[in-house]
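A.B. asks: Chain residues, written in single-letter form:
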Amino acid sequence: MAEGSAMRIKQIAKKEVVEFARDWRTIIAIIVIPLLMFPLLFILFPVLLQSEAAELQSLELDLTIQTDGMPNNLSTIINQSSIQITYEELPILDDLSQPGDDLEKLRNGTVDAVLRITQSEDIWYYSILHMSTSEQSREAKSRLLYDLNEWENNETAARIESGGLDVNSTLDPLRWDGDISQADAATVGEQAGMALSMFIPLVLAVWTFSSAIQPSIDMTAGERERGTLEALLSLPCTRLELLLGKWLAVATITGVGVLLQIFGLLFAIGYLASSSILGVPELSILTIVLIIGAIMLFAIMVVAIELALAMRSHSVKEAGSILGPAIMLIIFPALFTQVINLDGIESFWFAIPVVNVLLALRELLMNRIITTHILIWVGTSLLYAVLAAKYASNQFKREDIVTSLS
Amino acid sequence: MTEKLLSIKGVAKHFDEIKALTHVDLDIHSGEIVGLVGSNGAGKTTLLRLMAGVYTPTSGSVTLQDGSDVTKMRHLLGVVPESTGLYSRLTAWENIRYHSRLYGIDDETSWKRTQLFASRLGMSDSLSRHTKGFSRGMKQKTALLRALAHGPSILLLDEPTAGLDITSARTVRALVKQLRDEGGTVVYSTHQLEEAKQVCDRIVIIHNGEVRADGSPQQLMQQTEQDSLEEAYVALTADQARARTEDDESEGRFTAWWRKLFTPKTPELEVELNG
Numbered sequence: 006m007a008e009g010s011a012m013r014i015k016q017i018a019k020k021e022v023v024e025f026a027r028d029w030r031t032i033i034a035i036i037v038i039p040l041l042m043f044p045l046l047f048i049l050f051p052v053l054l055q056s057e058a059a060e061l062q063s064l065e066l067d068l069t070i071q072t073d074g075m076p077n078n079l080s081t082i083i084n085q086s087s088i089q090i091t092y093e094e095l096p097i098l099d100d101l102s103q104p105g106d107d108l109e110k111l112r113n114g115t116v117d118a119v120l121r122i123t124q125s126e127d128i129w130y131y132s133i134l135h136m137s138t139s140e141q142s143r144e145a146k147s148r149l150l151y152d153l154n155e156w157e158n159n160e161t162a163a164r165i166e167s168g169g170l171d172v173n174s175t176l177d178p179l180r181w182d183g184d185i186s187q188a189d190a191a192t193v194g195e196q197a198g199m200a201l202s203m204f205i206p207l208v209l210a211v212w213t214f215s216s217a218i219q220p221s222i223d224m225t226a227g228e229r230e231r232g233t234l235e236a237l238l239s240l241p242c243t244r245l246e247l248l249l250g251k252w253l254a255v256a257t258i259t260g261v262g263v264l265l266q267i268f269g270l271l272f273a274i275g276y277l278a279s280s281s282i283l284g285v286p287e288l289s290i291l292t293i294v295l296i297i298g299a300i301m302l303f304a305i306m307v308v309a310i311e312l313a314l315a316m317r318s319h320s321v322k323e324a325g326s327i328l329g330p331a332i333m334l335i336i337f338p339a340l341f342t343q344v345i346n347l348d349g350i351e352s353f354w355f356a357i358p359v360v361n362v363l364l365a366l367r368e369l370l371m372n373r374i375i376t377t378h379i380l381i382w383v384g385t386s387l388l389y390a391v392l393a394a395k396y397a398s399n400q401f402k403r404e405d406i407v408t409s410l411s
Numbered sequence: 073m074t075e076k077l078l079s080i081k082g083v084a085k086h087f088d089e090i091k092a093l094t095h096v097d098l099d100i101h102s103g104e105i106v107g108l109v110g111s112n113g114a115g116k117t118t119l120l121r122l123m124a125g126v127y128t129p130t131s132g133s134v135t136l137q138d139g140s141d142v143t144k145m146r147h148l149l150g151v152v153p154e155s156t157g158l159y160s161r162l163t164a165w166e167n168i169r170y171h172s173r174l175y176g177i178d179d180e181t182s183w184k185r186t187q188l189f190a191s192r193l194g195m196s197d198s199l200s201r202h203t204k205g206f207s208r209g210m211k212q213k214t215a216l217l218r219a220l221a222h223g224p225s226i227l228l229l230d231e232p233t234a235g236l237d238i239t240s241a242r243t244v245r246a247l248v249k250q251l252r253d254e255g256g257t258v259v260y261s262t263h264q265l266e267e268a269k270q271v272c273d274r275i276v277i278i279h280n281g282e283v284r285a286d287g288s289p290q291q292l293m294q295q296t297e298q299d300s301l302e303e304a305y306v307a308l309t310a311d312q313a314r315a316r317t318e319d320d321e322s323e324g325r326f327t328a329w330w331r332k333l334f335t336p337k338t339p340e341l342e343v344e345l346n347g
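Top to bottom, those sequences are chains L and V.
Take 6 as the starting number for the first sequence in our numbering and just add one per residue.
Take 73 as the starting number for the second sequence in our numbering and just add one per residue.
Note that these hints are calculated values from the structure, not bench results.
Just so you know, these numbers come straight off a predicted model, no measurement behind them.
We put the CB at the ideal spot given by N, CA and C, even for glycine.
It is possible that part of the hints are untrue.
Unchecked claim - Capping the alpha-carbon separation at 25 Å, the derived lysine-lysine pairs in DSS-like fashion look like this:
#, chain 1, residue 1, chain 2, residue 2
1, L, LYS15, V, LYS144
2, L, LYS322, V, LYS204
3, L, LYS19, V, LYS204
4, V, LYS91, L, LYS402
5, L, LYS402, V, LYS144
6, L, LYS402, V, LYS81
7, L, LYS395, L, LYS15
8, V, LYS249, V, LYS184
9, V, LYS76, V, LYS204
10, L, LYS395, L, LYS19
11, V, LYS269, V, LYS76
12, V, LYS184, L, LYS19
13, L, LYS395, V, LYS144
What the hints assert, rightly or not - Covered stretches of chain L, going by a simulated chain V footprint (3 or more residues, C-beta under 8 Å):
#, stretch
14, 10 to 17
15, 24 to 30
16, 229 to 236
So that you can see chain L by itself, here it is in the shape it has in the complex (with noise of 0.2 Å):
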């Protein structure tokens, strides 16, 4: 590339990042939304669902129970759980579960659930009448589960005992001997790779596409919505650099974007996750290449069809309403590739657009390193990034782009 080219593409390149960062609201979208995400999330998400249980425990619930006689001490097990009890008769019923007149009560919450209890020779029969869609009422059927449960292991025990045997070998006579975690041939490295691999390529894939969606449509529609296309039409340099010089400004703007990203989940893993749940994976010189090299093919990719379906629309309401649905493309695939086995994947995978990119991140992350799924997914998405930025230059040629619908 000449001398001269190179410096006007840099140029605009230069000139379309120091506009943008000069907007505040970029800077919040583009910088402090994708650092922060990740930790508020990490931090954020444990005590909502803390304040969640606690607020489900501090609930009074009411309760009735039907019986014909009760067990010995689940009274007692089930007065110790915040629950009111009313006990009433026994309705005839063919069985336990069919809510006959207590249904009514349960629609409009004058109980939040029914213990239907009877003894028939050794055995306990019970049924609880609930309405699922009752956040109390799930609760209370919940506790008298867990009541239930703890009287059924006393009473297990106290048989077990009776007939002369001893618990804890009658319960569990086939037990795991030494640390589980021990026995996993896989590394710590590697199992942290696996779990990271669940989401790390969807996160990188929506948000490339998704961060690149506002620079694009500002640089080009709204350029032409603002008019001042044409007198950069006008300027000595051609329609490519043109094109290069705003799809470096859009790279590198969703670049930081997804680097922040990736740095925040990084030490949201780090250092608020519990490190039984995530780790750091581990990954070889030559995977973190590939991992890049992976990120900037589907960049390469994105940016150009982003940047082409922007300047093919008339003005930024266009734009946006073609790019915002457009992300469906992205994250139906991104789905699709969480399911998808990777042992023993056949090559063909690794040909299908995105798919490929996010297959290959997948592999990368779990440190497998598969010659021909490599050239596969590099051959391939080398294609794309051509003809998308092909597409894209054809785009940039168009000459009613300095005409505007606004």
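Based on these hints, arrange chain V on the given structure of chain L.
C.D. replies: Structure of chain V alone, referenced to chain L:
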């Protein structure tokens, strides 16, 4: 005869079915102000965009003095589009510098020229301000400075005084004449005949995509045997001007059909005209 700088030969420009320009022959000479005058939709902007190399002619050629295609010699042109095309998040100087750098001009040279013309336009104190808060007149002046900073041979101005207050319009017109006096060449598009008469040495009347007349105001009056330039213009553009329709803007067929589907018909009102 002065040196021929730009030559337009047999140029036509079509956008699908729309014939924006049918057949234009025009030469621009050094040291003159050429006014492109016509109603809205006549084809002035299309012609200017062809001169600027933004559009490629459907047929014919736009060449510079050495016979080279205008798209390869854009550094000789300075263009001020009607929309001015300034970036609001950049300062006036940053806007100028951005274009100058793309013209391959170093910042020092660009700054010196900018200061020279900024003082003539009363813009010296505003160069470090962001253009977001600029009035239409200040934007127009900044766009002019931007077009002049790299020292173009030909200045192409599209409706440079449209929307300007009287003082700003006078300043712009004065600068254009001053540039001509210093040997510069200007193509000046306007739909104001009186303005063209004040500023231009030569007036090219464009109507319905073709050149109807080309000459000094005096020559146009003689050619049409009219006493005033306005009468001459009316005589030269007697046929009804074509309407600038939405179809002029590129739009997909499906998009157009969809829009019409949700556009109710305008009711036909019977109005009785008395007297």
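A.B. asks: It remains to establish, for every hint, whether it holds in the given structure.
C.D. replies: Going down the list of hints, with the structure as the test:
Proposed proximity of L:LYS15 and V:LYS144 is supported: the alpha carbons are some 21 Å apart, at most 25 Å. Distance hint between L:LYS322 and V:LYS204 is fulfilled; the C-alpha atoms sit about 21 Å from each other, no more than 25 Å. For the hint linking L:LYS19 to V:LYS204, the alpha-carbon distance of about 20 Å falls within 25 Å, and the restraint holds. In summary, the hint linking V:LYS91 to L:LYS402 is supported, as the alpha carbons are separated by about 20 Å, within the 25 Å threshold.
Taking the CA atoms of L:LYS402 and V:LYS144, the gap is near 16 Å; set against the 25 Å cutoff, the hint holds. In summary, the hint linking L:LYS402 to V:LYS81 is supported, as the alpha carbons are separated by about 24 Å, within the 25 Å threshold. Proposed proximity of L:LYS395 and L:LYS15 is supported: the alpha carbons are some 20 Å apart, at most 25 Å. A threshold of 25 Å between alpha carbons decides the hint, and for V:LYS249 with V:LYS184 the separation of about 21 Å falls inside it, so the pair holds.
For the hint pairing V:LYS76 with V:LYS204, the CA-to-CA distance comes to about 39 Å; that exceeds 25 Å, so the pair is violated. Between the alpha carbons of L:LYS395 and L:LYS19 the distance comes to roughly 23 Å, so the proposed pair stays at or under 25 Å and holds. For the hint pairing V:LYS269 with V:LYS76, the CA-to-CA distance comes to about 22 Å; that is within 25 Å, so the pair holds. For the given pair, V:LYS184 sits about 23 Å from L:LYS19 by alpha-carbon distance, which is consistent with the 25 Å threshold.
Using a Cα cut-off of 25 Å, the hinted pair L:LYS395 and V:LYS144 holds, with the two alpha carbons roughly 22 Å apart. With 4 residues bearing a CB less than 8 Å from a CB of chain V, the stretch 10 to 17 of chain L meets the requirement of three and the coverage assertion stands. Proximity of the stretch 24 to 30 of chain L to chain V, defined as three or more residues with a beta carbon under 8 Å from a beta carbon of that chain, is established by the 3 residues found. Given as covered by chain V, the stretch 229 to 236 of chain L passes the check, having 6 residues with a CB less than 8 Å from a CB of that chain where 3 are the minimum.
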